[in-house]
Amino acid sequence: MLRVSKLTDYATILLAEMARKPDALRAATELAEATRLELPTVSKVLKLLGSAALVQSQRGVAGGYRLARPAQEISVAQIVEAIDGPIGMTRCSASAGECSHESHCTARVSWQHISRAIERVLADMTLADMLGGLPPAPPPAPALRTANGGRIDIRLG
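So in the numbering used here, the last spot in the sequence shown is 894, and the numbers never skip.
Just so you know, these hints were derived from the structure itself, not from any lab. Careful: at least some of the hints might be erroneous.
To be verified - Here are the simulated SDA-like pairs of lysine to any residue, each with C-alpha atoms no more than 20 Å apart in a straight line:
(1) Lys758 to Thr772
(2) Lys784 to Leu774
(3) Lys784 to Pro823
(4) Lys743 to Ala789
(5) Lys758 to Pro807
(6) Lys758 to Ala865
(7) Lys781 to Met826
(8) Lys784 to Pro759
(9) Lys743 to Pro807
(10) Lys743 to Met826
(11) Lys758 to Val798
(12) Lys784 to Arg796
(13) Lys743 to Lys784
(14) Lys743 to Thr863
(15) Lys781 to Asp746
To be verified - Pair ranges (Cβ atoms, derived):
(16) Ala799 to Val846: 15 to 25 Å
(17) Gln795 to Val858: 30 to 40 Å
(18) Leu744 to Ala799: 25 to 35 Å
(19) Ala865 to Ser794: 19 to 29 Å
(20) Glu775 to Thr843: 39 to 49 Å
(21) Lys743 to Met862: 16 to 26 Å
(22) Ala764 to Val846: 43 to 53 Å
(23) Ala799 to His841: 54 to 64 Å
(24) His850 to Arg803: 44 to 54 Å
Since the model is a prediction, treat every value here as computed from it, not as a measurement. The beta-carbon is built from N, C-alpha and C at its ideal position, and this holds for glycine as well.
Produce the entire structure from the sequences given, and follow the hints as far as they go.
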């Protein structure tokens, strides 16, 4: 099954919470309470997001964290890369020279193509898009009837 890591999921949750009050400095403890994530996890994720310049931090009693730029300027790809590194379905699709089978692998080009497609989708979706949700799903396709009155369900999935 393909899925993002727990830390990437948590990063998205934290960034979404920060986007609710984009100008406010939020303490890690406040963010942990608001998101119901453990404080050590929140601190770890915020450090990674800060290293990737997705959040800004300010030290001190009145310090905290805030988004480094508006939510519409932060792509999901940037979030994934900040936490998990380069996007790739396989090691060799993220960066060359990672696999001893590269020179004779017949699947490598296909995996690279798939990885680029996924990366494009993630790059096109922003944190703001995730906050607003996705557009409503289209209505289900009608069932077709065969000549003898039977039904054929043409919905995908």
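Here is how each hint holds up against the structure:
1. Lys758 to Thr772: 14 Å, holds
2. Lys784 to Leu774: Since the Cα atoms of Lys784 and Leu774 sit roughly 15 Å apart, the hinted pair holds (cutoff 20 Å).
3. Lys784 to Pro823: 18 Å, holds
4. Lys743 to Ala789: Answer holds: Lys743 to Ala789 is near 18 Å, not above 20 Å.
5. Lys758 to Pro807: 11 Å, holds
6. Lys758 to Ala865: Status holds; Cα separation ~13 Å.
7. Lys781 to Met826: Distance ~25 Å between Lys781 and Met826 Cα, so the pair is violated.
8. Lys784 to Pro759: 18 Å, holds
9. Lys743 to Pro807: 24 Å, violated
10. Lys743 to Met826: 17 Å, holds
11. Lys758 to Val798: Roughly 19 Å between the alpha carbons, so the hint for Lys758 and Val798 holds.
12. Lys784 to Arg796: OK: Lys784 and Arg796 at ~13 Å, within 20 Å.
13. Lys743 to Lys784: Holds, at roughly 16 Å.
14. Lys743 to Thr863: 19 Å, holds
15. Lys781 to Asp746: 13 Å, holds
16. Ala799 to Val846: 15 to 25 Å: 53 Å, violated
17. Gln795 to Val858: 30 to 40 Å: 34 Å, holds
18. Leu744 to Ala799: 25 to 35 Å: With a Cβ separation near 28 Å, Leu744 and Ala799 satisfy 25 to 35 Å, so the hint holds.
19. Ala865 to Ser794: 19 to 29 Å: For Ser794 against Ala865, whose Cβ atoms are near 22 Å apart, the range 19 to 29 Å holds.
20. Glu775 to Thr843: 39 to 49 Å: 44 Å, holds
21. Lys743 to Met862: 16 to 26 Å: Since the Cβ atoms of Lys743 and Met862 sit about 20 Å apart, the hinted range of 16 to 26 Å holds.
22. Ala764 to Val846: 43 to 53 Å: Holds, since Ala764 and Val846 (Cβ atoms, about 48 Å apart) stay within the stated range.
23. Ala799 to His841: 54 to 64 Å: 59 Å, holds
24. His850 to Arg803: 44 to 54 Å: 38 Å, violated
Hint check: violations occur at hints 7, 9, 16 and 24; the rest are consistent with the structure.
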